[in-house]
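Chemist: Residue-level listing of the chains:
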Amino acid sequence: MIRLHNIERSYPLGRGQMFYVLRDIDLDIAAGDFVSVMGPSGAGKSTLLHILGMHDHGWTGEYFFDETAVHLLKAKERATLRNEQVGFVFQQYHLLDDLTVYENLDIPLSYRHYSKGERAALVADALDRFQIVGKKDLYPRQLSGGQQQLVGVARAIIASPKLLLADEPTGNLHSSQGEEIMELFRRLNEEGVTIVQVTHSEKNASYGKRIIQLRDGWIV
Amino acid sequence: MMADLKYAFRMLLKAPAFASIAILTLALGIGANTAIFSLIHDLFLRGLPFKDPSRIVRIYGEAKERDLKQLPFSVPKFWHYRDGQTVFSSIAADWGNGYILTGLGEPAQVLGENVTANYFDLLGIHPILGRNFLQQEEMRDDVGLVTENFWRKRLGSDPGVIGRSIALNGVATTIIGVLPDLPISWFGRDTEIFIVKPFENANATRDRLMRGYSFMRCIGRLKPGITMQQAQSTMPALEQSYRAQHPETADCTWTSVLVSATEDVTGDLRPAFVTLLIAVGAVLMIACSNVANLLLVRFSGRRREIALRMALGANRRNVVRLFVLESASVSVIAGIIGLCLALWIVDLVPKIAGDNVPLEGGIRLHWAVLVFTLLLSLLTGLAMGCYPAWQSSRADLIEGLKESNRTMSASRGQHRFRRGLVSAQVALSMVLLAAAAMLASSFVRLSNQETGFRSDHVWAAGIGLPAGRYPDPASRARFAQRLVEEVQASPGVEVAATVDAVPLSGNYSQTPYARTDGNPLPVNQRPLGLTRSISPGYFRALRIPLLAGREFTERDGADGPLVVILSSSTAKRLFPNENPLGKQLLFGVDNGNGLVAEVVGVVGDVRSRELAKTNDVEFYRPWPQRSVSFFNVIVRTSMNPEAAASMVRAALDRIDKEMPILQPNTLDTIVAQSLGQRRLTMGLLGAFAEDVLRLVVRQGMDPVLIGLGFGLVAIFGTGRFLTAQLYQISPHNPMLLALTATGLAIAALLACLIPARRATSIDPIQALRSE
Chain B
1 MIRLHNIERS YPLGRGQMFY VLRDIDLDIA AGDFVSVMGP SGAGKSTLLH ILGMHDHGWT
61 GEYFFDETAV HLLKAKERAT LRNEQVGFVF QQYHLLDDLT VYENLDIPLS YRHYSKGERA
121 ALVADALDRF QIVGKKDLYP RQLSGGQQQL VGVARAIIAS PKLLLADEPT GNLHSSQGEE
181 IMELFRRLNE EGVTIVQVTH SEKNASYGKR IIQLRDGWIV
Chain L
1 MMADLKYAFR MLLKAPAFAS IAILTLALGI GANTAIFSLI HDLFLRGLPF KDPSRIVRIY
61 GEAKERDLKQ LPFSVPKFWH YRDGQTVFSS IAADWGNGYI LTGLGEPAQV LGENVTANYF
121 DLLGIHPILG RNFLQQEEMR DDVGLVTENF WRKRLGSDPG VIGRSIALNG VATTIIGVLP
181 DLPISWFGRD TEIFIVKPFE NANATRDRLM RGYSFMRCIG RLKPGITMQQ AQSTMPALEQ
241 SYRAQHPETA DCTWTSVLVS ATEDVTGDLR PAFVTLLIAV GAVLMIACSN VANLLLVRFS
301 GRRREIALRM ALGANRRNVV RLFVLESASV SVIAGIIGLC LALWIVDLVP KIAGDNVPLE
361 GGIRLHWAVL VFTLLLSLLT GLAMGCYPAW QSSRADLIEG LKESNRTMSA SRGQHRFRRG
421 LVSAQVALSM VLLAAAAMLA SSFVRLSNQE TGFRSDHVWA AGIGLPAGRY PDPASRARFA
481 QRLVEEVQAS PGVEVAATVD AVPLSGNYSQ TPYARTDGNP LPVNQRPLGL TRSISPGYFR
541 ALRIPLLAGR EFTERDGADG PLVVILSSST AKRLFPNENP LGKQLLFGVD NGNGLVAEVV
601 GVVGDVRSRE LAKTNDVEFY RPWPQRSVSF FNVIVRTSMN PEAAASMVRA ALDRIDKEMP
661 ILQPNTLDTI VAQSLGQRRL TMGLLGAFAE DVLRLVVRQG MDPVLIGLGF GLVAIFGTGR
721 FLTAQLYQIS PHNPMLLALT ATGLAIAALL ACLIPARRAT SIDPIQALRS E
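Residue numbers (this note's numbering), protein chains in the order written: chain B, 1 to 220; chain L, 1 to 771.
Just so you know, not all the hints are guaranteed correct.
[Said to hold, decoys possible] Simulated crosslink set (SDA-like; lysine to any residue; CA at most 20 Å straight-line):
id : chain 1 : residue 1 : chain 2 : residue 2
1  : L       : K6        : B       : A120
2  : L       : K6        : B       : R129
3  : L       : K6        : B       : K76
4  : L       : K14       : B       : L96
5  : B       : K76       : L       : P236
6  : B       : K136      : L       : Y7
7  : B       : K135      : B       : P161
8  : B       : K136      : L       : I398
9  : B       : K74       : L       : D396
10 : B       : K116      : L       : D472
11 : B       : K116      : L       : Y7
12 : L       : K6        : B       : E103
13 : L       : K6        : B       : D137
14 : L       : K14       : B       : D97
15 : L       : K14       : B       : R119
16 : B       : K74       : L       : A3
17 : L       : K6        : B       : S110
18 : L       : K14       : B       : Q142
19 : B       : K76       : L       : I398
20 : B       : K136      : L       : D4
21 : L       : K14       : B       : E103
22 : B       : K74       : L       : D4
By construction, these hints were calculated from the structure, which means they are not laboratory data.
Whenever a hint applies, use it, and build me the whole structure from the sequences.
Modeler: Structure (structure tokens):
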């Protein structure tokens, strides 16, 4: 599903010098895969995730998503592809503080071509599926960390993405809440969602099917 | 869209301090603009409530070589134009008069118009009851039209009013119709009755009337397809034929000028409203840039939210829409508050401006004003929201997501933009404050202007003498003398006198004059001089100093030798390096050459027409020798001047019980009212400037100084708009500009120092912890 070839990401340091965050990344990820990206801080894990999620446009190399040459797409086309195919789970949950749980789930749908009725049905499904119907009118500050991340995951998959990217999804949760989220990822993967997660935790990485180690921007 | 709107309101509720500052700031700008638009709409845009008002014109006489403008028509000239013109479907005339109304309770003085029979048909005004005048009634029948206000208040909305008789100046007049209330901009305030005898005037004999005594206002309705320019081009032919057929008339040398009806009623108000429109435009721009600045700060602080929304699928358009909706919500709420503010201002304006602005009473809200406010609010919301929204939507997505909830600082571009906004605000404020300071300075100078007379402790009121009971100068003289004697004998009265028109009341008359020696010009080429008919106590009542000769006495009667007193300027102008006493002057048009009067005195100059202008020429004539059917009684009293009303009333009761008092007022009030329009401009501009000052001063100093520089440049560019409003002060007055700039800079400096001092007093550890 995903093929990266010779991907590099660098930042100018001045006087013509560059600082490389990612070097010569070649990576294939098949549909249905569950990949854990590990490595020390500053290894380039999150950068790789943002490139896969098409948030970052400043890289070089070739990136194919389901045979679509992402590297040849314009920013607007990449955004469309991302909206249709990719869901994102953040370490900080990144829920919108001034929207209720229901509205947070509805937000990604409101930016896509869904009718009002379809959106209501999809949000109701997600609330049901993640067993948070009772929380739908609460604001994020009224939820525990685990509940917020549950909403974050529900929001990431509500538009049925093929690829789910997760950046330290349990980083801010205590262990039992973390396990719940990881179990949820496993189930989603079993349902056919391709998952790439960045994690520092060996235990969380073990939920995946394979591990990629990054060090100083290189795959090792 | 609805979700975004809901979110926008939620965000405003979450930040009540920001929301209230932004809303009140904009409400000030929108309110000021709505108020001025509402006034402009009423005065200039709505048009007169006549049929096809753009085709109605006023026809004035003009004698440019003698600097005479907007001169009225005489009877022979009107007839000549009415019968000889080809460009109007009809022309009509009217002239105002006071009438004593009897038979409806207490006798009352009412204002009315003497009109030609076709007058209301020409305007396209139809009675709500009865009918308009018929041509055959003109100069023949004692019939009248009354206004709806008259019908309701004085006749109790009598459904059988048609055919009812009322007594006007003692003449039984049959009411034939009730007109809808008429625009005060056209007929003046309080005009209630109309009669159809336009070609007779109790103030002039038939001989005078036919010699070109000009007193009628002439209007015409352009024929379909005829433009003003085409109509104007036909005037010279009419002027020539009138001159040829009536060479003896005083007005045969005048040219004719057409003025559109709309321009006629609003022409002299335009400079004031242009000034106000520019001012409120500046106020709105200042308010907008102020709120845009706040929005920029607010939106910059929400880059995490923007980044997150974009990560979830929002494009820049979505983000911009969200923020613009938020700013539009602010502006629409501000618009609603601004509308209330505008209603209050509009209600206040007639009270400030007095009779100087012809606005109908009561608060009215027209659709046009509502639409204007709504559009202005939305445009304001867009204008101030677009840039901050667009700027914020450029946020770096990954950086935004990384930033978590930490406060983010604005980009260098945003800093530059914000500093630019502040400079623009200061520049506009500088212009506004300087303009307000100049107007205020003008107003103070004008208020302190020496009038040449003392208005304190003086009371004045009008009295109309019905021609039936007081048909000639002798009877009018007897009445006035008796009244003065009766009032003079009342306790507390220092001096009582009469005058045909009180100084600075807006009423005055002019007479052709010439020296008798040398070769006097023909009457119709003589200059016109301001002429006041007075009783002997007039100069003492107003404390006008007698500089030479004598005052009038009771011996200067209708049958005595004609005499005149000159103002000091007049004496210098007409008799330079000569003693004017004993010299003779020709006055008026009687006998085709005017009547000879001897100069018996010289008095101090008086600003009697306009406070801002000196009178080059002003004559005083004894009331018995130059009387008209309307005059003012003035009373100087050591008591409260209002108490004079009851004394005059009592005196009138002893002479003629059916004689009402019209428009009683203190002279102080009349003088103050003459400043009404200036007070309006100065008052509104001053109020706006004061509020703007509060908005602007809380800025950094650099942009303030840049703004001051631009402001000074702008004042030199826009000063000419103010010139007409100023008195004895230049729009580029260096002292005032320096004071304004210094004042603004000091205010801004203080405003900078207070937050700076507060910032330096913060514990750094505390500050780091909060990060």
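Chemist: All hints are to be evaluated individually against the structure, with a verdict given for each.
Modeler: Verification of the hints:
1. K6/L <-> A120/B: Since the Cα atoms of K6/L and A120/B sit roughly 17 Å apart, the hinted pair holds (cutoff 20 Å).
2. K6/L <-> R129/B: Answer violated: K6/L to R129/B is near 27 Å, above 20 Å.
3. K6/L <-> K76/B: violated (28 Å)
4. K14/L <-> L96/B: holds (14 Å)
5. K76/B <-> P236/L: violated (73 Å)
6. K136/B <-> Y7/L: holds (16 Å)
7. K135/B <-> P161/B: Answer violated: K135/B to P161/B is near 24 Å, above 20 Å.
8. K136/B <-> I398/L: Judged against 20 Å, a Cα distance of about 28 Å means the pair is violated.
9. K74/B <-> D396/L: Since the Cα atoms of K74/B and D396/L sit roughly 17 Å apart, the hinted pair holds (cutoff 20 Å).
10. K116/B <-> D472/L: violated (89 Å)
11. K116/B <-> Y7/L: Distance ~17 Å between K116/B and Y7/L Cα, so the pair holds.
12. K6/L <-> E103/B: Since the Cα atoms of K6/L and E103/B sit roughly 11 Å apart, the hinted pair holds (cutoff 20 Å).
13. K6/L <-> D137/B: The hint holds at about 15 Å.
14. K14/L <-> D97/B: holds (11 Å)
15. K14/L <-> R119/B: violated (27 Å)
16. K74/B <-> A3/L: violated (29 Å)
17. K6/L <-> S110/B: holds (14 Å)
18. K14/L <-> Q142/B: The given pair, whose Cα atoms are some 16 Å apart, holds under the 20 Å limit.
19. K76/B <-> I398/L: holds (16 Å)
20. K136/B <-> D4/L: holds (18 Å)
21. K14/L <-> E103/B: holds (17 Å)
22. K74/B <-> D4/L: Outside the cut-off at roughly 28 Å; violated.
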